[in-house]
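Engineer: Single-letter residue listing:
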Amino acid sequence: DAGITQSPRYKITETGRQVTLMCHQTWSHSYMFWYRQDLGHGLRLIYYSAAADITDKGEVPDGYVVSRSKTENFPLTLESATRSQTSVYFCASSEVKAGGTYEQYFGPGTRLTVT
Amino acid sequence: AQSVAQPEDQVNVAEGNPLTVKCTYSVSGNPYLFWYVQYPNRGLQFLLKYITGDNLVKGSYGFEAEFNKSQTSFHLKKPSALVSDSALYFCAVRDTGFQKLVFGTGTRLLVSP
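Chains A and B supply the protein sequences, listed in that same order. Going left to right, the first sequence walks through residues 1 to 115 as the working numbering numbers them. Going left to right, the second sequence walks through residues 1 to 113 as the working numbering numbers them.
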C-alpha cells in the first residue's frame, strides 16, 4: 500500500535549469495538489487538479508548470529554476466523499535546492 | 477569503502536562477546519477535522480540538503531552466552494522530558 510517493526526495540543480518533480498516488483520488513549504509562510498552494486533464492555479503558480494526463500522476516542472524556488515541495491528494470530507493526504516531500 | 491564524510560533510544555495549540479562523459561511501534524523530514499527517456537529472533535494519537464559533477558534488539545508529540502543527480551513485547503503558518510544539 504505497499511498502517495514523490521523487526525487532530494534534488540540487542550477539556476536556469529545468527540473521536474514527480508525484504518484495509488488511491485513484480525483484531486491532487502541489504545495511549497517555506519558513514563515507555512504551506502555499502552487497548482491543483480536479481530475485528469483539469488543472488550475493556486496561490503561487509563477515559474511552475503542471500536467495530469493520468489520474495517478501529477508532475510539477520548474521551467527555469531560480534561487527563490529553493523549498520543500509536497504533493497531496484527496477525494470528495459523502458528507463533504476534504482531508488531504500528503507525500513525503522533495527538498529542492537551486544554486 | 478564508484564512486561519496560528498566533504562536512555538509552544513549550513539559511531558505529562496538558497542551494547547491555538488556531483562529476567518470564513464566510460554515467553516470546515482541520489539524495536521508534521514530523521532521516527513509529509503532513491528518489529525482531525470539524465539519459539523459536536464542538469537541477527537482525532488521532489522543488529540482533540474544540470548535468555538463565538470566538472563531479551533484549538488543538491533548490532556497529557508526550515527548513524541514534539512536531510542527498546522491548522487549515477549506476554501469556499473548493476542495482546496488554506493552511496556517504552523506552530512548533516542543515537549520536554
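These aren't lab readings, by the way, just hints derived from the structure by calculation. We put the beta carbon where it would ideally sit given N, CA and C, even for glycine. Among the hints, erroneous ones may be present.
In silico contact screen, one side only, chain B against chain A (beta carbon under 8 Å); selected entries [to be verified]: (1) Y32; (2) G43; (3) G106.
Dumping the calculated DSS-like pairs for lysine-lysine here, alpha-carbon to alpha-carbon at most 27 Å [said to hold, decoys possible]: (4) K97/A x K57/A; (5) K77/B x K58/B; (6) K57/A x K70/A; (7) K58/B x K97/A; (8) K49/B x K69/B; (9) K58/B x K22/B; (10) K49/B x K97/A; (11) K69/B x K57/A; (12) K58/B x K69/B; (13) K77/B x K22/B; (14) K57/A x K77/B; (15) K22/B x K69/B.
Distance ranges between label pairs, derived from CB positions [said to hold, decoys possible]: (16) I12/A x D9/B: 24 to 30 Å; (17) D56/A x S3/B: 15 to 21 Å; (18) N12/B x R83/A: 42 to 48 Å; (19) G16/B x T86/A: 37 to 43 Å; (20) T15/A x G16/B: 48 to 54 Å; (21) E64/B x T113/A: 46 to 52 Å; (22) T15/A x N12/B: 35 to 41 Å; (23) E95/A x D9/B: 29 to 35 Å; (24) E15/B x S69/A: 28 to 34 Å; (25) D54/B x S69/A: 39 to 45 Å.
Engineer: Are the Cα atoms of K58/B and K22/B separated by 27 Å or less?
Structural biologist: 16 Å, holds
Engineer: Using the nearest Cβ pair, does G106/B come within less than 8 Å of chain A?
Structural biologist: Status holds, d = 5 Å.
Engineer: Taking only the CA atoms, is the gap from K77/B to K22/B under or equal to 27 Å?
Structural biologist: Since the Cα atoms of K77/B and K22/B sit roughly 9 Å apart, the hinted pair holds (cutoff 27 Å).
Engineer: K69/B and K57/A: Cα distance at most 27 Å?
Structural biologist: 31 Å, violated
Engineer: K57/A and K70/A: Cα distance at most 27 Å?
Structural biologist: 18 Å, holds
Engineer: When you take the CB atoms of E15/B and S69/A, is the distance between them in 28 to 34 Å?
Structural biologist: Check failed, 49 Å falls outside 28 to 34 Å.
Engineer: Take the C-alpha atoms of K49/B and K69/B, compute the straight-line distance between them, and say whether it is at most 27 Å.
Structural biologist: With Cα atoms ~15 Å apart, K49/B and K69/B stay inside 27 Å; holds.
Engineer: For the hint 35 to 41 Å, verify it against the beta carbon of T15/A and that of N12/B.
Structural biologist: 39 Å Cβ-Cβ, so the 35 to 41 Å window holds.
Engineer: Could you see if the CB distance from I12/A to D9/B stays within 24 to 30 Å?
Structural biologist: 29 Å, holds
Engineer: Can the hint on Y32/B be confirmed by a CB-to-CB distance to chain A that is less than 8 Å?
Structural biologist: 6 Å, holds
Engineer: Given the hint that K97/A pairs with K57/A, test it: the Cα-Cα distance must not exceed 27 Å.
Structural biologist: 23 Å, holds
Engineer: Keeping to a limit of 27 Å between CA atoms, is the pair of K49/B and K97/A held or broken?
Structural biologist: 14 Å, holds
Taken one by one, the earlier hints fail for this structure at numbers 11, 14, 18, 21 and 24, listed in ascending order.
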